[in-house]
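Peer 1: Taken in sequence, the protein lines are chains A and B. Numbers given in the working numbering equal positions in the first sequence, counted from 1, plus 31. Numbers given in the working numbering equal positions in the second sequence, counted from 1, plus 31.
Because the hints were derived from the structure by calculation, they are not lab data. Certain hints may be false.
In this list, chains with the same sequence are indistinguishable; a pair is considered to hold if it fits within one copy or across any two.
[As the list claims (entries may be wrong)] Here are the simulated DSS-like cross-link-like pairs (lysine-lysine), alpha carbons at most 30 angstroms apart as the crow flies:
1. Lys355 <-> Lys470
2. Lys90 <-> Lys337
3. Lys100 <-> Lys450
4. Lys300 <-> Lys100
Number of protein chains: 2
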Amino acid sequence: MSQQNTNKPAATDTTSVTPRATNYPQWYLDVIKRGDLAENSPVRGCMVIKPHGYAIWEKMQRELDDRFKATGHVNAYFPLFIPLSFLTKEEQHAAGFAKECAVVTHHRLKSVNGEVVVDPESKLDEPLVIRPTSETIIWAQYKNWIQSYRDLPILINQWANVVRWELRTRLFLRTTEFLWQEGHTAHATEAEAVEETARMLDVYADFAENVAAVPVIKGRKTPGERFAGALDTLCIEGLMQDGKALQMGTSHYLGQNFAKSSDVTFLSKEGKREYVYATSWGVSTRLVGALIMTHSDDNGLVLPPKLAPIHVVVIPIFKTDAEKALVLEEATKVAAELKSQGLAVKLDDRDGIMPGAKYYEWEAKGVPLRIEVGPKDLEKGSLCLVRRFVLEKEGETEQELRKRRKTFVPRMEAIASIKPTLDTMQRELFERARVFRTKRSRVINTMEEFESYFAKDGGGFAWVHWAGNHEQEDEMAKRFETTIRCIPFPDQIPEEAKGEGKCILTGQPSTQRVIMARAY
Amino acid sequence: MSQQNTNKPAATDTTSVTPRATNYPQWYLDVIKRGDLAENSPVRGCMVIKPHGYAIWEKMQRELDDRFKATGHVNAYFPLFIPLSFLTKEEQHAAGFAKECAVVTHHRLKSVNGEVVVDPESKLDEPLVIRPTSETIIWAQYKNWIQSYRDLPILINQWANVVRWELRTRLFLRTTEFLWQEGHTAHATEAEAVEETARMLDVYADFAENVAAVPVIKGRKTPGERFAGALDTLCIEGLMQDGKALQMGTSHYLGQNFAKSSDVTFLSKEGKREYVYATSWGVSTRLVGALIMTHSDDNGLVLPPKLAPIHVVVIPIFKTDAEKALVLEEATKVAAELKSQGLAVKLDDRDGIMPGAKYYEWEAKGVPLRIEVGPKDLEKGSLCLVRRFVLEKEGETEQELRKRRKTFVPRMEAIASIKPTLDTMQRELFERARVFRTKRSRVINTMEEFESYFAKDGGGFAWVHWAGNHEQEDEMAKRFETTIRCIPFPDQIPEEAKGEGKCILTGQPSTQRVIMARAY
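Bound conformation, chain A alone (with noise of 0.2 angstroms):
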């Protein structure tokens, strides 16, 4: 079989990543492009996820799915389509959800003079919705399923595709359709359901920090940002690079909203006929977009090895026919005894493009590790690894760092440093978006520090102490552009922003910190 080409983009496009500090959301597209990991489609905003993309996604998968299970959830599957009067019976969360759905009215097409049309007889009787979220659909099927407390809980997850017909999209962060997974469940008491909704937040938690290297501070949104129809939507937020925050996943606890709208009642073990606890909570591709926002460069993708498609690339270097012979026997080898170390490893023998344009390459594709093969390296023993990155150090000039990324190790001592490197590059990128966040976070007391903090020096967390309404929450959002990303749990507020305050608009008392920030 011949070797596979769609995940690499043409080696000969050699574009440049425009640098954070021109253009960030020029960068952003650039870093997608250059990665190969998305673009857009001919259809009004939704994207087509490239291979090199989409194998980021199957990680993230694999590792939410088995943090899931482990916490006792299976999988499902429902129907995408929801009955239009299903939306009725839910009016809170219509309302929240309905506005812009994509809305199935016909299901036939004719051929008229050579063109395709929608046949008019084929008109539905009842409009049908995409979902833009599963609630009432799945309801629906629980009323079915439970009867007493035996039934109880059903914890049910459902990878799937959705659609909310948005206005203005962005690869990855906001398109038309995308996926992501939706976990439904159904309990007994509140006190189960409560606890629920913040293992899953913790679920989310431990993913972001602990795989995709993303620091995350959990909280609650204020009842405006709730999600329609829950009592209480717990989140977990990101700082991306531009100072703006990034809501990375979300548990609603729905209390019995769900149940009452879908009927759903069951015999307790007293014996009382009550409603159902319902809790949902999600994930979606735009985890992507947080985690290029979060660690890429001006070179381009870079990517914590644990969610790396790729960990290895190696290349092999040579100018004669003689030395290729040596070269590639030594690259494959070295591939091989990565491979069975479990890593994920490349060999890069592709003729006729130069050394140079495959290193070019992998960096903008976020490979964590290089290693080059020449005939030097041969005759030494030695390896040449070169780490996608190194954490930079304080007045570098960006030749002294690209020094410090390269490494010749004697070859034994190369093929046992590569796991060990690949943690510390794991743990680094964690630390460096930590540092990042400290940076960008701000603890503000006035309405002028707020404001000169977002017009001047670009924004970021801002600790304010707040005890405004929805109304004085939009005006801060039309005056600043900044939202209350959350309200954080106790224990995710730093030490200098502990403690009671005034509200930084009204002045009233608060009992903690809020943050706010710009947000995608």
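Fit chain B to the given chain A structure using the hints.
Peer 2: Positioned in the frame of chain A, the structure of chain B alone reads:
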């Protein structure tokens, strides 16, 4: 975390399964219901895949995905929506597929007097079709990805949901929305594309026989039965227990049809601009239907161990509290020892459910092995192993057969025997299905015999010579409800069916026999 209940039906549901001989279609539905695999949804023709059914599909996905990756393919994701105009581009394809599609015409809802309705002002300029298959949208993208022979081959697979507005639906076998995978590859030469088409059919046949334990015949469809837009459609055909054929997977050689309609050309090594060659191939959740109809019996679902979400269920049996403590300790140990062998084990220690009800439940769910642990087993140092099935012997009573399923084995020996027993059961299921197929296959040379085979003898695979045209195929379908399932590859033809002959209908000379059968 409390006991997960979603993959059990209420143990109190002891409705029995309709015997196959009484009513085969009802038996099929009963097996699905008692096995808790899937159910109809409120959305016309769409099913809900319940956790136990979805777990089987997940195991299928993993096995198939591993095989796709081992043959050099990568996964990606393309939009759910296809602009209507794309279907006009490939008329032949559209004519075959576009007839019964879900069509999105609006993108917004609004509330009117507390009722949610479609906002007429949100009408789309161009309707969007929910993908019935993705050739058109994928090839529109490939156009941007392919410039030279260096960009080929593209070997992409997609796991996705698709929608075909079916008039008559049946759980798993034919549903309006279904889950599948669709491979879409692009090649520089006809030879390479033809080779790919055959390779993927082999992957499907390998999966069907060695994982699903369903024997299949590999062959090609007649021109009238080809995929819309294909030059050649290869397929694997299984034979279900009612003597009907089931198409279990198809692999299409598309020639340059889609490249031409989407204008996808490449610069060859020789510097010529040429159209790209294409293949596509797919299998779907229909495979779960094939699994059910090949192996299950009048007690419910039977699963090949390689696709069983649970390999072994351990059931403690006791009367007194003292017995309970001892028996539970032993059952927990047994389960742990088996888990450490990499087996999927369920310890069913639910209170308040009689052992008999548990046996019944797990048998209906197709768990291959049950281990009963009671006080007597503890005393003797043995375990009671019960197999979900054993091969039937001629003239055996139901009671004798039930007895043979159960053995008492010294503990250590029992633990060591589980894996080999599962391997044996996997082999036996395949063998049993192969014997069944042989019994229900017949070499037929006259129309009289053909008629009586399907009218009186229940039918099956009829090996007949055929030289008719498309109209004559339709004639056979009208008279006997039979179709040509495939023109088998030469190596698939049994000895007694080999050789040339004369068409059963027209008497014209024919070079080889085809398989005619009734089909799902």
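Peer 1: Confirm or reject each hint.
Peer 2: Results of checking the hints against the structure:
no., hint, verdict
1, Lys355 <-> Lys470, "neither (49 angstroms within a copy, 60 angstroms between copies)"
2, Lys90 <-> Lys337, "both (8 angstroms within a copy, 24 angstroms between copies)"
3, Lys100 <-> Lys450, "both (27 angstroms within a copy, 24 angstroms between copies)"
4, Lys300 <-> Lys100, "within (27 angstroms within a copy, 50 angstroms between copies)"
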